[in-house]
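Undergrad: Sequence:
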Amino acid sequence: MNKIYVYGTIGYDVDADYMRHALDETQGELEIRINSGGGDVFEGNAIYSLLESYKSKEGNSVKVYVDGIAASIASVIAMAGDDVRMSSNALMMIHNPWTPSATGGSDDLRDMANVLDKIRETILTVYHSRTGIDRDTLGSMMDEETWLSAEEAFNFGFSDGIIEASEEPVASIKAFNYSNAPDWLKDMSPLKKRQARDRVKYIKRSQAKAKIASTRCCNKKSKVL
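To convert, count from 1 in the sequence shown and add 147; that's my numbering.
Derived from the structure by calculation, the hints contain no laboratory data.
Among these hints, one or two may not hold up.
[Unchecked claim] No more than 25 Å apart at the CA atoms, straight line, and that leaves these computed lysine-lysine pairs for PhoX-like:
(1) Lys150 with Lys210
(2) Lys202 with Lys150
(3) Lys150 with Lys204
My request is simple: use the sequences and hints to build the entire structure.
TA: Here it is as structure tokens:
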């Protein structure tokens, strides 16, 4: 089975260009492993669309596994799976899109708010298509920055099942400053994270990594999270 890891920050560690090249080399059944605290919403939406397009080709399918965390736009990427499974120790988080870099006058800020509202509607559509939950309820969950255990995600319809606990490390969320993140996740020390990373058995990535290495911008700035 083909396997792609969506680990780290969307738009930095994994971006749509990488996914595009990786999918060009892939056909048939695809396994996506997610361990991400989120990132750039436009990159994430593009990855979601690429996976949807991949599924539309005859003989192709996508299975998603949430190893540690699928938060923010990473949870949207997870919704692209024909089948979505979460490790019993994994978490999923949904919330409203936001931007850390809004600047300008009042008209500029109102324009940005309108953009965020439109992005919110696109995300709501993805969640609604997967879960069947009415949009008002989903909207309230996003307003509250809702954190879901594997069991809760399954009960709400965000996933299709729970698998044995993963030993993969939980992605760092320090950079995102989520307001309702569980204390144990926010307080995960650098030592513990380093020890966890040491346990990861890194896989050899496809030629896609080499293809984009020379063209990928190393100082992208996330506009909307």
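Undergrad: Give me the numbers of the hints this structure contradicts, sorted from smallest to largest.
TA: Failing hints: none at all.
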